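> Sequence:
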Amino acid sequence: MAAFTAKDVMTLREQTGAGMMDCKRALVDADGDFERAAELLRERGIAKAAKRASKIAAEGIVYALVEGKTGVLLEINCESDFVAKGDKFHEIAAAVAKQILATKPASVEALLASSMNGKTVETYVQEQTAVIGEKLSVRRFTVYETNGIIETYIHMGGTMGVMLDFECADNAEARALAHDIALHTAFSKPSYLTAAEVPAEVIEKEKAIMTQEVINEGKPAAIAEKIVLGKIKKYYEENCLLEQKFVKDDKVTIAQLIDGAAKKAGAAIKLNRFCFYVMGQGLEKKSEDLSEEVAKQVEAMKK
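Residue 238 in my numbering is what sits at position 199 of the sequence shown, and the numbering runs on without skipping anything.
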């Protein structure tokens, strides 16, 4: 077998966009022949997938999976809403979610490098990219393990998703409570669980903005301080899940709702943590006018 270096692997990766392990394997199978290795990647559908690397995968779904005491919330992206709604894309999301539950990787990079049915997850995603014809991307995920119950809620087929970890007995009453709070979370979109979790720098910034706002309204300094304290309290009520008014009954907060349920059950119920994903949040969608898109498609047909 002809020798090749790590630099050869990197060069092949840069030219094809394929994963490191795929490039190394192709060079081994091609006896170090660079051109043949590139051809092998094309034959295996990996180079075809890599050609779409410049595309922006800004559509997709948020997907949830719970098995026993472990749950995962996953965002996986593609290029078009049409693909995102397809059964095949949901099958891919399910397969990736199962892999996350099985291996509990520490990061997306660790997930992509993990072994899945004899290949890396990165290779699997690239192969599915070749099948679907759009760039696929695993963007983020959260894994919860609990001694209580995991509750998830996916809105509108995957436009947003919620996962909550409750420390409690697993029964119908607790499940109903957890479901109500999951729905509330999707509606209210809190940033924190408790007021204690809000970073000090965030509060200081809010205070500075609020103080200037009150001063601009012409309020005296002595009164301004009290007004700002009231505004900070409202900030907590709006942004901290346990401080929020329950969407189905604004006479109680989520904390009071949980306490009431615990007293009724005669057992402790605690919401330990939650996560909330909005699909595509922060991603820039690529806009192209129709003539440009048609021209690109015609040009692609010539290749």
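Watch out, some of these pointers could steer you wrong.
Claimed, not checked - Estimated spans, in silico, between C-beta atoms of each pair: (1) GLY299 with THR198: 52 to 60 Å; (2) ASP298 with ALA149: 18 to 26 Å; (3) PRO259 with GLU106: 54 to 62 Å; (4) ALA211 with GLN320: 29 to 37 Å; (5) MET59 with VAL241: 21 to 29 Å; (6) GLU106 with LYS158: 30 to 38 Å; (7) ILE242 with ARG214: 30 to 38 Å; (8) ALA208 with GLU106: 47 to 55 Å; (9) ASP209 with GLU78: 30 to 38 Å; (10) LYS108 with PHE73: 26 to 34 Å.
To be verified - Straight-line alpha carbon distances no greater than 25 Å define the calculated BS3-like cross-link-like pairs of lysine-lysine that follow: (11) LYS290 with LYS302; (12) LYS137 with LYS127; (13) LYS228 with LYS246; (14) LYS270 with LYS228; (15) LYS246 with LYS124.
It should be emphasised that the hints constitute simulated quantities derived from the structure, not laboratory data. Quantities reported herein were computed from a predicted structural model and do not represent experimental measurements. Don't be surprised by glycine CBs; every beta carbon is placed ideally from N, CA and C.
> Run every hint past the structure and note whether it holds.
The hints, checked one at a time:
Here the CB-CB span from GLY299 to THR198 is close to 31 Å, at odds with the stated 52 to 60 Å. About 39 Å separates the C-beta atoms of ASP298 and ALA149, a value inconsistent with the hinted range of 18 to 26 Å. The supplied range of 54 to 62 Å is met by PRO259 and GLU106, whose beta-carbon atoms lie about 60 Å from each other. The supplied range of 29 to 37 Å is met by ALA211 and GLN320, whose beta-carbon atoms lie about 34 Å from each other.
The supplied range of 21 to 29 Å is broken by MET59 and VAL241, whose beta-carbon atoms lie about 39 Å from each other. Evaluation of the 30 to 38 Å hint for GLU106 and LYS158 yields a failure: the beta carbon distance comes to about 23 Å. The hint said 30 to 38 Å for the Cβ distance between ILE242 and ARG214, and at roughly 35 Å that hint holds. The hint said 47 to 55 Å for the Cβ distance between ALA208 and GLU106, and at roughly 19 Å that hint is violated.
Between ASP209 and GLU78 the beta carbons are some 55 Å apart, a value that contradicts the proposed interval 30 to 38 Å. Between LYS108 and PHE73 the C-beta distance comes to about 49 Å, which lies outside the given range of 26 to 34 Å. Proposed proximity of LYS290 and LYS302 is supported: the alpha carbons are some 18 Å apart, at most 25 Å. For the suggested pair LYS137 and LYS127, the alpha carbons sit about 15 Å apart, so the restraint of at most 25 Å is met.
Restraint check: the Cα-Cα separation between LYS228 and LYS246 comes to about 22 Å, which is no more than 25 Å; the hinted pair holds. Our distance criterion of 25 Å between C-alpha atoms is met by LYS270 and LYS228, whose separation comes to about 19 Å. Taken as a hint, the LYS246 and LYS124 pair is broken in the structure, with Cα atoms around 43 Å apart against an allowance of 25 Å.
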